[in-house]
Amino acid sequence: MQRIGVFVCWCGSNIAGTVDVVKVAEALKSEPGVVHSANYQYMCSQAGQQLIKDAIKEHNLTGIVVCSCSPRMHEATFRKTAAAAGLNPYMVEIANIREQCSWIHKDMQEGTEKAIVLGRTAIAKVNLNAPLKPGESPVTKRALVIGGGIAGIQTALDIADAGFEVDIVEKKPTIGGKMAQLDKTFPTLDCAACILTPKMVDVAQHEKIRIFSYSEVEEVKGFVGNFDVKIRKKARYVKEDVCTGCGLCTEKCPMKKVPNDFNLGMDNKRAIYIPFAQAVPKIATIDADYCNMLKNGKCGVCAKVCTAKAIDYTQKDEFVEEKYGAIVAATGFNPISMDKFDEFAYSQSKDVITSLEFERLMNAAGPTAGKLLRPSDGVHPHKIVFVQCVGSRCASCAEKGKEYCSKICCMYTAKHAMLTRDKYPDTDVTVFYIDVRTPGKQFDEFYRRAAEEYGVHYIKGMVGKVSPEGNKLIVQGSDLIANKQLKIEADLVVLAAAIEPDKSARPLATMLTASMDTNDFFTEAHPKLRPVESPTAGIFLSGACQGPKDIPETVSQAGAAAAKVIGLLAKDKLTGNPCVAQSDELMCNGCSSCEKVCPYGAITYADKEFRGPNRTTLIRRVAQVNEAICQGCGCCTVACPSGAMDLKGFANKQIMAEVDAICK
Amino acid sequence: MQKITREVLIAKAEELLSNGTVSKVLGLKKGEFSYDQTPAVFTDIESMKKDFVFDDFSGANFSKYLIKETKKGEGKTLVFLKPCDTYSFNQLLTEHRFDREKVYVVGIACDGMVDIKKIKNAFGDGIVSVDATTDTLKVETLYDGVKEIAKAEVLAERCRNCKSKKHVAYDELIGEDGEVISSNRFDQVDELEKMTADERFAFWQNELSRCIRCNACRDVCPACTCEKCVFDNPNSGVQNKAAANSFEEQMFHIIRAFHVAGRCTDCGECSRVCPQQIPLHLLNRKFIKDINGFYGDYQAGEEVGNRAPLVNYTKEDLEPSEAVNKGDK
Amino acid sequence: MQVNEYKPKIVAFCCNWCSYAGADLAGSNRLAYPAEVKVIRVPCSCRVNPMFILRAFQRGADGVILCGCHPGDCHYTSGNYYTRRRMALLFSMLDYLGIEKERTRVEWVSAAEGAKFAATMNDFVKTVTALGENKRLEDLRCKK
Amino acid sequence: MENSKNVCDEIVRISKVNPRKCMKCGKCSGTCPAYDEMEYHPHQFVYMVETGDIEPLLKSKSIYRCLSCFACIDRCPRGVEPAKLVEAVRLMVVRQQGNNHLKPDDIPELLDEDLPQQAIVSAFRKYTK
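Residue numbers (this note's numbering), protein chains in the order written: chain A, 1 to 664; chain B, 665 to 993; chain C, 994 to 1137; chain D, 1138 to 1266.
If you're looking for bench data, these hints aren't it; they were derived computationally from the structure. Positions of the beta carbon are idealized from the N, C-alpha and C atoms, including for glycine. Accuracy of the hints is not assured; some may be wrong.
As the list claims (entries may be wrong) - Which residues of chain B face chain A? A partial, calculated answer using Cβ under 10 Å:
#1 729
#2 735
#3 759
#4 760
#5 764
#6 830
#7 890
#8 891
#9 897
#10 972
#11 977
Please model the entire structure based on the sequences and the hints provided.
Structure (structure tokens):
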């Protein structure tokens, strides 16, 4: 029989306001196994914890029930308290009488009655608890960063600087990500390349960092501290270790009509290409969709001109398998497709462009060498209209846009408007906005400068329609302050397209068993207190894959994720979750049902000898659980028809005792 | 089609025993009455010639006995399997319940077995013997002399709705192999589904209230092969030898059906052995019908190694709410 | 307060990662739902054995609701997919036996859906209250 | 249109107000005691001058309804000084030939016991060339 102590917390008035805590403590005193019952204002406080420790010793308690806030809040706290007093931490159960009782009920009697039932339920469970001891597993001291944008770069650099090995997997031929495509960066207007490329070089030169460019994660197995990852190195048809990046091939390749994705298709590249001058690694890559040699075996110019003999048309995808202790997702974002926004005539007119395209038009390394020229006729535009919130904050049109605010558009639009006015004072710039959101250091000042010093016209209201007429674009929108509908003849319209997580994030999340929200952003373990960790142990989040972010925020989060990774890799051993599945070999049929549903492959089988009737021995196939791999979901326990498989800490008997206590 | 008789099987057994292919034969021997047969293991041909029986009452599914029998001693066990038995045989292999190498399967064609309970329902309990050599059975009764009844009328439920004449596992066959048959086995389930909830409730209350918890259905079921049944296991939380309250018995039948769902081959043994004639197969068939309807056709035991529907999923599976509302159109 | 007002007993199984957190969020946001609902925390919805549900009914529960992560969002990758199959078959069977299908429910509630949790519970309690006491499973074996 | 722009530039010049500084918060109109008397409210003055939409303002009676209490100037978070703009627009009107808004002949009718002398003097200053 257990000797159970019950501790009812007031949580100030949070619980005591709607639950008669004295009455609850009194009522629970007579439950089976309970030998001590107390109440206190703040159980989680130093004094409250001392109260529990003292009671454990004084009453020789073998189990405790704390009636308090959610176990998600303080279960760990009270487990530590119990452990400090010499009690096994898994002999602690929490009755959630705050979030699931006092905070949702107004009636004192109702709240008190429910709190008693919840307390009774926890007591029923703790009566069947057994001390548990967590297993230990080693930590592979190497991290994997998936995505080589500024988020991945910063995370990798920070981890590597702490002395741990890091691999970056980037699906494109170069690292750099979106930031490499940007012209200037708000709010300081320094050039993106000037601040990014040194970091790219740092990454390339860091002895602890390996870059897998033009590669993708193929398979992830294992668990925190012990991930086994298979990386696909896509065939680039150029020997990485031989290519010098001289670029001769990219000048001689006769296939000139390959849309240049780095410039968002606004100009062309060759079938063999280096994305941009400062690419890291600076290695050519052949686009197999366009290369004549690969398509029909005719050409071979690049191989002929390559003095280093780096071209290899027979190259195949290669697979690399590596072990990691931690994985960082830094998969970034993309602007959403404008195809469904017919009202802005994006697909009808070349002169309706997205902000990222505008970014390339302004960039000295872009398709126009930094001259602001209309894509349709190469003429300098004199009237530009920017439209904000295109697809953002779009709750009713889920198939078109996104419900959330994309966060960065207000600032980059202010930047674009300002830069345009700065470079081309003869150009009139109008911005249509719903709200201008500038919550960042020096952000509002920046936006106000655009409006006040650079004379950008900010119009509160949305553009409803853009119609091409001749070589003009008629922009029809509303001016809510003047209470008027406006028709503006523009030369260029720039859409601040909403951003969305990269498409590769969803399948990656599935591989990582990391959860995502409905928008395919990775979910953080706690929105406030654990914002850079995924709920899945060992998976960390960096940058816009977790939610829209600008560069300073991305870099801070990247550093924070790195700090968490370093904290993990610095450990030699990890203590596991002791609430894992356990197979009773005497009852196991060896039927493999459990193995089939186990998402981690934690169950294996062994032939074991058992005593049969009449002094015979029988050999039976039985399931065995690898406690280091098992994550304790309990799926196997239900798949098991005989009930041989049970889950420690959430045993069949315990849950049924809870059911009974609730229904009593 | 070659008529499978006792003599044919004894001759086959003699051949296999004498050439050393098998060391024992799992078969049936006569009980108190000719129609009342009980499983037996024969290690020599003499005892077989003496006690072995095989006739239209030899419907028992032997697969389950192989679990224990194959673990005893060396050598192979000979077993004669009807087409429906081979599905159970495969399902057990899928679940690694015995070693295929220790069994020699002789597949035997089957044109349906007779259910003695149906004869008793027709003529009362005092059945002395039944001559089933032709399609018209001659039934010798204690009180009314010899009666005749067509075999088709007293076929076991599962044979009336035979799902397959095809053997899915065998080492050799006697007689010709047949085909998978499209049967009407879900008709009764359909009828029940079409009823109102109240009518269904009344139907099942009438049926299940007769249960005496003798566990015969569980003991005979080739899918119920647990080392220890949850209902016998004190740690399961549902252990009960005798029901503590009436509820536990519904729980027994629901849980039993659930535990075999996706694994049940619809062999019909549960209904065959039920002394209270509860149509237990209608529970299993409901699960089979739902599985087919929700997740695509699936026949347990069709192939060794198939993944049962309940240890499988697709991302597009229907929601439980859709499952229960499927009938409400 | 009425003395004889019928209050159903509702057992809610919630997975630790999504729905239990959703229930907590409902609490944090002070979104009320009836006190009849009592939550049992399980690591994953796939931990819920049909036996637990029947056991609850056996011990006098009037409704059992099972909440888990949205399909695709399972903390353990695939647990809720198995739950979905198991419960689809179990609920269909209960319906087949003539038990009111409204007494059982599966709902996917994410950690962010406090409002959905509260709304679901309010609706479920309303539905079960309208059905009244759970008699059928109990009576299934007792011939009147 | 071109004329409007010139007028606007002139208004900006004489008022020394930069309407671009306005961030459309509406606090000026929120604080204005003559709000109900005005067809165009202080924030609209600022916006219409900024966008060059000046004709309606020149014709509006609102320019005479402003009390010049300077509450808007006092409270504007961006230091736009809307009242000065209103003043400037009014000056644009009354400075034109024959556009005095208050004539000496109108005074006797407006007099009452409580009206301070100073008000009459300041009204003349405000409404006439």
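Status of each hint after checking the structure:
1. 729: 15 Å, violated
2. 735: Constraint on residue 735 of chain B satisfied, holds at 5 Å.
3. 759: Holds - the Cβ of residue 759 of chain B comes within 10 Å of chain A, reaching about 4 Å at its closest.
4. 760: With Cβ-Cβ at 5 Å, under 10 Å, it holds.
5. 764: For residue 764 of chain B, the interface hint is violated, since the closest Cβ of chain A sits about 13 Å away, which is over 10 Å.
6. 830: 25 Å, violated
7. 890: 4 Å, holds
8. 891: 5 Å, holds
9. 897: Hint on residue 897 of chain B: holds, closest Cβ of chain A at ~6 Å, below 10 Å.
10. 972: Holds, about 7 Å.
11. 977: Residue 977 of chain B check passes; min Cβ-Cβ to chain A is 9 Å, inside 10 Å.
Violated hints, in rising order: 1, 5, 6; the structure is consistent with all others.
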